[in-house]
Each structure stands twice: as structure tokens, then as C-alpha cells.
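Trainee: The hints should help you fit chain E onto chain Y, whose structure is shown.
2 protein chains.
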Amino acid sequence: MECPTFCVWGANTAVGKTLVSKGLAEAAARRSLPCFYLKPVQTGFPDDSDADFVARGRTATTMGAHAAVAAGIERGGTSSPIADGSGGDGTWSHTEFAWARAVGPHLAAREEGRGVADSEVLRAVTAQLSEFSDHVGSALRLSFTSLTGDERPSGVALVETAGGVCSPAPSGALQCDVLRPLRLPAILVGDPKLGGISTTIASLETLAARGYDVVAIVMSGSACGNVDAVEQYASEFNQVGGGEDARGIPTFALPPVPERRIVGDVVGHGREIYEWLDDGRDVFDALLTHATSWHRERVRKMRTAPDEALRTLWWPFTQHDATPRENVTVIDSRCGEDFGVYSPDSNAIELRFDGAASWWTQGASKAEQTRLVRAASAAAGRYGHVMFPENVHAPALDAASELLKGAGRDWATRVFYSDNGSTAMEVAVKMAIRTYFVRKGFIPSPEKASDAADFLPQVRVLALDGSYHGDTLGTMDMQAPSVFTGPLQTPWYKPRGIFLRPPTLQMREGRWVVIQPERGPLPGGGGLAAGWATREEAFDHETRDETPLAKAYRAVVDAALDEAEADAKENGAPPVAALVMECVLHGAGGMDLIDPTFQRATIQACRARGLPVVLDEVFAGIWRLGAEGAWELLGEKPDVSCYAKLFTGGLTPLAATATTEEVFDAFRGPTKQNALLHGHSYTAYPIGCAVAAEAQRMYRDPLINDNLVEMGGGDARAALRELWDEHAARAISALPCVKGVTVIGCVLAIELEDSVGGGGGGGGGYSSTAARDVVLRLRARSIQARPLGNVLYLMCAPTTDPARCYDLIREVWTELSIVAAGDDDDW
Amino acid sequence: MECPTFCVWGANTAVGKTLVSKGLAEAAARRSLPCFYLKPVQTGFPDDSDADFVARGRTATTMGAHAAVAAGIERGGTSSPIADGSGGDGTWSHTEFAWARAVGPHLAAREEGRGVADSEVLRAVTAQLSEFSDHVGSALRLSFTSLTGDERPSGVALVETAGGVCSPAPSGALQCDVLRPLRLPAILVGDPKLGGISTTIASLETLAARGYDVVAIVMSGSACGNVDAVEQYASEFNQVGGGEDARGIPTFALPPVPERRIVGDVVGHGREIYEWLDDGRDVFDALLTHATSWHRERVRKMRTAPDEALRTLWWPFTQHDATPRENVTVIDSRCGEDFGVYSPDSNAIELRFDGAASWWTQGASKAEQTRLVRAASAAAGRYGHVMFPENVHAPALDAASELLKGAGRDWATRVFYSDNGSTAMEVAVKMAIRTYFVRKGFIPSPEKASDAADFLPQVRVLALDGSYHGDTLGTMDMQAPSVFTGPLQTPWYKPRGIFLRPPTLQMREGRWVVIQPERGPLPGGGGLAAGWATREEAFDHETRDETPLAKAYRAVVDAALDEAEADAKENGAPPVAALVMECVLHGAGGMDLIDPTFQRATIQACRARGLPVVLDEVFAGIWRLGAEGAWELLGEKPDVSCYAKLFTGGLTPLAATATTEEVFDAFRGPTKQNALLHGHSYTAYPIGCAVAAEAQRMYRDPLINDNLVEMGGGDARAALRELWDEHAARAISALPCVKGVTVIGCVLAIELEDSVGGGGGGGGGYSSTAARDVVLRLRARSIQARPLGNVLYLMCAPTTDPARCYDLIREVWTELSIVAAGDDDDW
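Chains as they are written, first to last, in the UniProt record's numbering: chain Y, 1 to 827; chain E, 1 to 827.
The list makes no distinction among identical chains, and a pair is therefore deemed to hold if it is satisfied within one copy or across any two copies.
In silico DMTMM-like cross-links for lysine to aspartate or glutamate, where the CA-CA straight-line distance does not exceed 25 Å:
id, residue 1, residue 2
1, Lys494, Asp567
2, Lys405, Glu297
3, Lys672, Asp754
4, Lys494, Glu570
5, Lys494, Asp454
6, Lys405, Glu308
7, Lys301, Glu326
8, Lys448, Asp321
9, Lys637, Glu308
10, Lys301, Asp701
11, Lys405, Glu390
12, Lys193, Asp278
13, Lys672, Glu326
14, Lys193, Asp48
15, Lys405, Asp665
16, Lys672, Glu753
17, Lys440, Asp321
18, Lys405, Glu661
19, Lys569, Asp558
20, Lys366, Asp228
21, Lys637, Glu536
It is worth saying that the hints were derived from the structure and are not from the lab.
So that you can see chain Y by itself, here it is in the shape it has in the complex (with noise of 0.2 Å):
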């Protein structure tokens, strides 16, 4: 916005939140500057009117008086404060939504019958804020420069809340809650009663632990000492991104007010609350400059957070060079899918729907974040971390029952904790090939694993083509040899893999098709071609296992097989040990599905020769493709898997291998030698494994998850509704531009055909800017997408209303046409 605003809260009710307001307005007056009172919700209305007090001049004789400032207020009324007018002093104020009766907001709101949604409240704000900086902004030809410099604001805002911090909307939700998406600033009431040290410090931890910047304390005296105690403890009270200089919250001191006694026919302040003002008259001077200041302060700091990335930052995946100051995003906050961003433009935080879902790890909308940070929140105050070897605690325990439950459920019986993906995909095959060592007899017993230990030979293992597993060595051995793969990236990379290239599944042209690659296992596939009109044909086992191509697929993985084991005879070859394949969908390697009939085939092929399987579920499990357990979506079990992103729902990194008792026995013995020696410091670390436990059981539990659906014939688990709507993706994936669309569960990825983009990419692939281009123009629909290739993608946590989803894919349509249509000079 282009003044400064406040939220203004209090640590309890009747703390003087009003007083505060009136008299930063009457600073605000002192200086000239317009400032704008906005009360979203009031009670007791018209008889209580805190926008009348705050906007009135001190020619009325008593508050008692009810006068609205302007004919624009009424009840629940939408006006803006410009219609409003201002009063006094260059003040305007507006009451937004008011019921008559003096209760809480949800009560009234019932009692009266006229409820008011979150998104409402939300809506409503926004739009005043805007309007009234709109106004003062052109009215005074200030640019919002100069808030970045010396120069005086263009005027101020605040948002005054109703009760204390917790106190309900008009919903009944936590206006703390409803309110934190625009995360305004917030300046706390203190309360100067008994026990106001208590409801003072607890309101402001309240606040801070939802992300808000709480820019000062101001407190009214009392007898009991109070802003001696708020003040010590708010002076060393740490918040985010503060940095070193800005460590503390100040508290303002206030005279004591006076006590209310009975004006006219109501309790209240009579003309004595002006000569408390007049008191207060250097304290709220103080409060503002240190407010605006604040602001200017805040404002400087997303403004030169690019140049500060830029100098001292080193992103993954990402050119610097390539990387003009324009591209680089300030990320203000995060509130369910979306991202609050700083708009240097507008000079204002907008949302911004995270299309990448932070690389694939968000799991919880806005509602369901609050049950995860508060894990999160609880397990860092109980615990911090705790040394896990030997140890055990709770939210160890919780995540890896939920998980043995859940993805895990009928086939696996252990769990072990790393860090990411990459790590346990390491501890993944690294517990595959000693399974394979055991049951082909290299181990013959625990007693003899470590005299067999010399004898062991060098393996390898079975994998798929474009295929992805993490960036650490062990992971990156296993991916056949690509640009991440080659000695710039990889020195040390050896493919360690008999790589087969998998034929894919897509939606063209509104059918299902399947995609044999060139050069894949089935050369041509001539004859074999396959097609469905929907996605849970081309998954029909029953059916599809049946049909020559199956047939095919089985062939090709045993001669595949075959071939290796006469590799490994004649020419002492490594043999392969195990099976390690993406579920279902190969995320990095651009959104791939793979044909699950295929991935059947070579599961069966690999189980039928004793080869452990290890399937990698980072990306596709934990509800990512509509079932909990992608391996579910195959029909077939694996003897590993590995978990992570959606595992802690977008929070903290934190990964699982799960594996069956076999594969646990294999480590089994006599001595620590025959153990797993891996480890990481914060293995099982409290906070991850408690946002995972909560995570787990958020997703599942439908009276959280509104998009859980039971799964027909006779199986008990659940499943995720349809989020992205078919015929969408349908008249998507006809469009001429797009070469087909892969849509399931929470991914929604539309392949571009190559000349798109003004065939400044060309070929496709990794080096393509293919979709870079749609990305620009989606961004300015509020849609933060990130290309992989030429394949443009979006991405929703599995708990994200189909509504969304639903303007998001007609967002989408609506570019692409556009583009189809060749009406756009861009392109």
C-alpha cells in the first residue's frame, strides 16, 4: 500500500485499543497527514461506533454521542471511506460490517442472522485499504519513493480488531487467523489490569507465532506494574528476519486512563479521555514516528532484498548470470497455497498462487497450516532435537505409526528417518543391495557377513530412463547419464544402472494415449498402439494385464534381465541387485507418467527373480497422485519406499525409507558391523517427525480433508476426488499448441509443443524456454508457476478445494487460447 498500515489488536478487550487509534490519528493530524480508521467489524452498533470516536473532532461534547461520521455508514454496509468523507482533522473512518448487539461479533452475527465469511471480512479490508491509498496517494501526489526515504508518507492506516487477539470473527474462526493473510503489521494493546503482564505477553506470542511483525506495544499505566514487566520482556523478545539491529519490541507508555463513568444515558469517557490524550500527546507522536519508520524500514528491506540475493545468495538450479534483478521474487509469507509477495510496482504484498507448490512440498490450505505449525511450534518448545540412536520419543513414534499405516499400509513394518529425498534414496538402495546379498546367499547368515564382506561383488541396478532420485552421489549413480550427469555437474557420476527407456501415458487430444519412446523397449510399437478416453482405463490392471502389449513389456524387461545375467556370467559384469524406479510418474524428469502397465510388468519380472524393489515415492506418494501410497495406483508392493515433500506438508525437510522386516533382518547380527551405519545429526528430529505425524493424519481424516473420497470395489482406503476438473484438461489438451496434458491427483502438466515460445528454446527438453513464456504472462494472473522444459506445470496440495483448482485450470485455458488463437503479439 502506499501509506502505512497497522493492524491495531488488543491483548484483551476494553485495554483501550480505540483510545490508541484516536490518538495515533490525532498524531497523524499534527503531522498533516491523512489516516484512514477502518473497523471492519463492530458490535453494538450504532450506540457503540469506535469509527465515530476515532473520526470525530473534539467539538462534540461527550463519546456517548452516536452520530455516524458520514451518511455512507450502515449496517453492514459497503461503502468506501472516500463516500464516507473524512471527519475532523483530516480523519476518515469507516465501519464495515456492524450488528446492533453489544456482543461478540459470532454471536451477534448468529443471534442476528446475518453471518459474515472469512473471505468476506478478508475482501473487505483489502478494498478499503486500497481505495483510501489510491486516494491519498493521487490526492497528494506523493509516489510511494518516498516511503523508502526521508520524505513523510502519504498518509496512514489502521485496522482496528474487535476484542483481544483471539477473539472471534464474525465466522467464529480466530480473527488472528482470518486476518493473517495480509499480515499488516501489528501494533499490540497491552493491558494494564491484574494480570495484564499475562494477557499482554501471551497475546503477543499469539501474534508472533502466526507470523506477525508486531511493531510496538503500548500499555496505559497502572498500579500493578505492568509496562515494567511487558516492556523487560518485550525488549529482548526476538522476531524473524529482524536482523541484529532490529532486536526488541519498544513498549509506549501511556498515562492511566481515566476511569469510565456514566455519560448521558451510557457508560463511557466524558470530555476528560481529551485531556488524557493531551497527556499522551509525545507518546503517540513517538508511537508514530517509530510505526512509520518502521514501515519505511520494512519497505527498504524488500526493496533491497533482490540486490542482497543477489550479492550474497547462491540458489540451486538457478543461472546467476541469468538471473536479471526483475526475476528475483520477495516472498513476504506464505498462507495455505499461496505465497504473499512483495509487488515493487504496487508497492504492496499480493498473493500469489505458488504454481510449483514450493517444489512439490505443499500439502496443507490455509485452514490446515495452523494444525501443522502448531506441531511444529509445540515439538520445538518440548524438544528442540533429540539424538536418535537408542532414543525414542513421541513424535518419532507418531510419524512412523501414521506412515506404517498409512503409505505403508500391508507391506511395510519399519521405518528410518533421513533428511531429504536424496538421502533416502540413498539408504534406500544402499538396503536393497545387502537384501539382494542375503537372500542370493553372498550373506549366508548375520554371523557371516562379515567374513563374506570381501567376497561381495560389485552390483547394479535395474532403472528407468529419465528417471530422478536426488543430487547426492549415490542418487545421482543411479539416473542414466544426462546434463546433470555429465563431469561440469558430476565428477565423480558412474552410472551404476541398466537403464530401460519407459514408454509414457498423456492425454492428447482429449484421449489417453500411450507414448513408446524412440529407441524404447518396444521399437515402433507398431500394433500395439494403445488409447483410452480415461485415465482409470489406462489404470485398469485387470484388463490391460491381459492385452499383448503387457505381454510385450514383460518380454522386454526379461530380455533386459536376461541379457544382464549373461553380462554378469561371461564377462563378469555387475549383476543387478534391485529394482529402483519413480512410482508411477517421473516428476523431475518433466512430469512423465509412465504407462503403469509397463511398470507392473517390470515390477513382476524383477520380484519373480528375487530382486528387491525399491520404489521411489518422494515425489508421487503421500496423496500426490490421489492415493495415499502411489505404489497403491500400481497394485503392487515394493520392499522399500521412499517418503518426503508432502510428508511433512510443506514445512520442514524431512524424508522416510519404509521398508518390510526382511529387508530390516538383513542388517540384523551379532555385531555393529552388520548394522546400517547412516546417519545425519537431526535424524527423527522432533519438529519434522511431529509436522509429519500431524501432516499424515491432516491429509487422511476427512472431517479435515474435504477431498477424501471412499475407493470403490471393496477396498477400504480412501482416496483424493478428482482436483483438477477433466474436461478442462480435455479442451486443454486440444488446443494447437499443446502437445498433451498429464493430469492426476494434485499435478496438473501440460506439455508444449516445441515451436512454442517463438521456437526460441527449440527442441524441448531441459534447455527449452518453451513454457518460460506462459509462466510470464500466468504471473500476472497471480499465478506463480515454474516451468520444467518445455512443460508447463501447476501444482495443489491435496487439500486444495477443486474451486480453486477450477479458476486456476480456466486460468490456464484462458492463456494457452490466447496463444492458440496467434492473437498475441508476444509470441
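Mentor: Relative to chain Y, chain E alone:
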């Protein structure tokens, strides 16, 4: 404790905490259950005596009476409840610290000049509760096992706080912080007044964020609908470790409390309060039933946790077959350096020093831990996670800025984030090798990087034997062959280094000596033996660099590099591209202090040949060894260095790879292929970054960290004072069972003679069980250590009070002396 104990907290003052305690005491009496009521801190005494009211029978006529229950009660007295005696109905009560003034305890303490330290309050509460539970346990002959079945508990104890949850203790600290180490389950008395929804919910959140379990909320009714709103919110409130069946917190609604009136000469309740207690009888009975069954469930969970752990978890670096049930430690919580450990013997939570600093991560004492928790919780609430490439958020900048002005000062300009030390080192070696390629002209210019890619040679690193850089394959490849790298553990291991055997430095019999390794660079080390009285002399580079030993070191390293160059030239062996070393101290390798003169010589030799220097400061960095950057101790700056563990102070995983601008520049160029294509989903996640920023400030701020001293010699950098008493270390090093001692910064490591431990382990090294037995002795002294082979070590935090260290090192000395005296049958 042998009887369920709860802490009664108030959402505000005057919400009826004592009435609730009384109601619970009466409910206990109705079940003939002994009840102990403890008021640790009372003001306005003896006019006000909550203990008096709770224990008094109903025969007294008014609540205004002030007779102390028993003669033992006196102001600030320390008499026991048993001495005080029981009031009516089998209820004991006791007031521990009391002041006459009816103001907040911090004010009363100040005004009356009788302060009480937090530790005194804690000690008193613990002592009183223990005495009571012993008393009822033995008197009633009920074993604590009755708690796990359907039988009744032996008694119930209530600890009632003063004021609200955040009201100050006598010391001025918040009561909820002071009592945190005990983590007594909380009963929160809600606030029925207008505004009480907010104060109750904020208080609930404040308790939960400190890791308290909130068992129940209890509120008296009021006209403002508080109970309904609180009940609604609390019913969806998730706590840590609760599991699926234990979601939500129940709210118990009591009848409205009668108004206070003037009774006798004070304001209070008359006999009508007993009618109110009678009206609430069913509620109190239900609350007591709920609380005791909640307690039973808590105990059951802790008792079964080892079984569940052994059934479902897979610990890192642990042979499960060698982990009997009794070895499994149930960690209830952490407070500063101490674990709260569930002891099945006493059925209580006992504090135990976390001697391994939870795998070398812990940086905060109790007081500072709050700062880190606050940072974590605020970042969680504000951001959750934010995808990093091309994005910037305040915590990422903040943590980088702190690192660059701290451990990276004067050399580093860039920070690359990853998840743990292992990934940080994988990134570091990729960076160093690319830098080598650029320096040596293999990549002539950024534009030609892609063309050059096909002609880049395979390379090796120069590394030290016995060093450890993590468990992922890329870091394993930098380790010399060992039990960790065999095909049993790391099937794809391929040593990528030329490994030098380094000389070590250790205190032996009170003197610091250099130990040349067998088959090391200086066979025999004849004529070059070195030793000093103090560690400072061993680190006096100016003097030592001129010694023949230093010159011999340099010659050894040069010879190794010459040989490698010749091997590359003549045999096409991979050339050496970088130096990779753990800085100063080999941690996992056995707490071996490497002779700093040798590391200096190695760095200088490599730098002279244009080889980038990679330091692994994951263990040694961030104040571990007394300096913020461990490289400071060597007086040599790296090109790349890695930080983790203490970087986040012991809360969450996060690692940083810091580099010079030259290294960063090696990845610049026109295309993405030049960039560093490495990243993890949660790279630079805000929670981790916010904690890292706060932790670094915490260590470095002399107002927070009392252990900082100025370094001499005109260096403006600070250092840690000696934490482990050197005299005591010297005494330990002189014990016959001790081979040598390493004491530096936070580290106290004691290498035992191989014969110690009954020769069971034998041979020292990893497989030794020598230290294990001493560890068991220390556990009985509330010290939880974890041995590294035959090395026993204790690790404190950079903020640990040296007085605490002194007590600990004395315990170690005592236990080892017993061993040395040979008068212990266990040996």
C-alpha cells in the same frame, strides 16, 4: 512420580484457579484419594492463603479466615507437606514461598527484598512432590504399576501457579518458563469474563508452544458464551504425540462463580462457595477422572514406547540385535543441555545431561533455547516453506548475513544452503572441482564450459585418513577405506582421494604432545617429537611454523602431491583437484585433534599449487572449538567451507556451504548447464534459516552468551572462555586407565587405554566397547554419554555455564578414578 501430578494454570488472574484446585481436592476426597496441593509462590500471605483454603474442611465458616493449615507453614519456609499435615478429607497442602504484599511475586520479592531464584522454585517443587509421592506410595502400599492398569492411583498432586500463564515468577522470569523443565501436565482454568475467549486461547497456545501437554480446560460459565467458543476451538486443537485417538482438548464447564462480596473485613466468598462446589461436583468428578486416565495413558505410552520403537523404528548406526529393551531411553523432553528422561524404575521424568549434545548439535542452554524456539515458531507461522530458486525471503538473507559476518568473515561472500553436513560437503566438492577446472584452464571461459565438458578429466582430492564427511556416497568417496566403506556398507564406494595419515595432538599425562601415526608421513617421527604444557603453545603458529617438524610436514605433503602429479602425467591417474579436510578435529573418527601445524602445512602446499581448499567445519565450526570459524584456529582461510550442526543451535537440520566469489564465478555463464544443478526440496526453508540466524546471533551476543571473551593480539574477534577446566582435564590425563585427553572448546574427549573394559573390546578403534562401561557408570550420575569406540566424550554447548562443566568433569574424574584404583568389581 507415583501419583498423577498436574499444574493448575490460569488464563488470567482471578479466574478461579484455587476454586478448581479445591473442587479437584474434594473430588479426590470423595474417591478417598490422598491429595496434595502445593502453592509454590503466594503473595498477600497469610491474609491470602490458597493452600489454607484448599486443605481446610467445610467446618470453617467463611473463606475469609486466615489460619494456616499447619504450624509448618511459614513465609518462605521449606517445611514439607507431611510436616504441615493434612487438612480435612485427606488433603495435604503447602505454601513454599510467600510474601505479605498482595502484588505480583516479582514486585513483592523486590519490595520485600527477598528474592527467590528460578532454580530454587524448581528444586522446592520437585522436593515437595517427591516427598508426597513417597509418602502416599508407601503409606498406601500401592505400587506405581497400578497406574498402568485399571487400579486407582496412590494419590493426586496439584501445583497451582500464581496469576496467568505468563505472570512473572519472583525472579521476574515468566512462570511458564520457570516450570518448563518439569513439564507437568497442565489444567488450564479459562477466563469467563468478557474478552476471556481471547485470553484463554492465547494462554492455551502459550502453554502448548512451550511443550506443555494441556490435559483439560475448565471454565466457569458466564453470559458471554466463552465456554462454547473455547470448547469449539479446543476440540480441534492438536498436541504433539497425541496420536489419532487423542485429538482435541476437552473443556469442562462449571456453574457461574458467585460474585465476590465483603465477608468479614475482606472481599471474598462466603459459604455460598460451598454450594457452588456442590453444584460443580459432577464436573470436578469428571475432570478428575479424565485427568487421572489421561495420566494413566501417558504412563502407558512411555512404558510401551521402547517396545513400539523396537518394533517399528530403524535407528541409524545401531545394531538392533545388540539393543536390548532396557537400553532404549524414552526421552520425554529437552530443556537446555538436559534431556527429560522417563525412568521406568522411579516412574518419573528425570533430568539427564545430554553428553553427546544430541550428535553434536546442541548450542543453547535453557534460557536461550526460548529464543530459538520462538524463531522456529514465528517462521513456521509466517512462511511454512518457500521454494528458493530466484526467490528471496528474510530468514534466508538473515542467516546468510550472520554467517558471512561470522564464520565466513574476511573470506566468504556466498552461501549455498542444503539439508545436512553430508549434502553440504557433496556440494562443496562439486564447487571445488569446478573451480579447479577453471583455474587450470580445463574450462577456458564460461562460454566454453559446455564444449569443454566432454574433455574434463576424472579427478581426485587430497584428504586425511580418519576423516569423515557424511554418509552419502559422494562424501564416503572422500573417506579412506574403513569399516564404513566396505561393500557390506557402501556397495558403490570408490575411494577418490589420496589419503595422508595425519599426526594428532593430545594431552598425555598433563602435557600436550604430537603423536605421529604408525605408517604415517614421518615414520618414527624420530628427532621431531614435540610437546608443550599448554594447548595455546601447540597452536602458536608463528613459533611452530619455524620448527623442523613443520618443515618435515611440508616436505611430506609436497612429496605426496609430486607423486600424484607424476602418476597423473605418467599413468593417466586422476590428478588431485582439491584439498578436503575436517578442520582441526576429526569428530566421528574418534575426536582426534589433528596437529594444526600439519593442517597449515597441507593447506599452504595445496594453495601453492593452485588447489582449492575445502574445509569441513560441520563438526568443528560455529564456536565448537572456541572460535566461530574453526579455520581461525589454523590461521588459514578456505575457498569453500561447510557448516551445519551448531549452525541451527540444536533444533532443525540446515547446512550451509560458504564460498569465495571466485568459486561462485566458476558457475556463472550464459547457460543453465554452467550453473550448480544441485538442490533439495526444502533448501533454505524459512524455519531452518530463521533458527540459524538466531542461533548465530545468540552465540555471538555478549549480552546473551556469558562465555564470550575478547581474543588477544589485536584481533577483534571474540572467543569462548575455557569451558572444561584444564586442571581437571590434566588430572584425568594422568589416570592410569587413560591414554590421553583432548580438551578444546565444547569438547572433552578421553581416550581410554585399550585394556579398560575388561579387554572385552580390545584393540581400540570402532569396535571397542571400552568406553561403554564407563558410560553406564555415568548414566547413574545423570549423565547420558555415548562412546566413540574407546573414546569417552562429553560435549557442552557454547553457551553452557562453565560451572556446570566443572561439575560434570569432576563426575567423570571420580568415575574414572574408581576404575583407575582398581577397586571396582565391575572391571
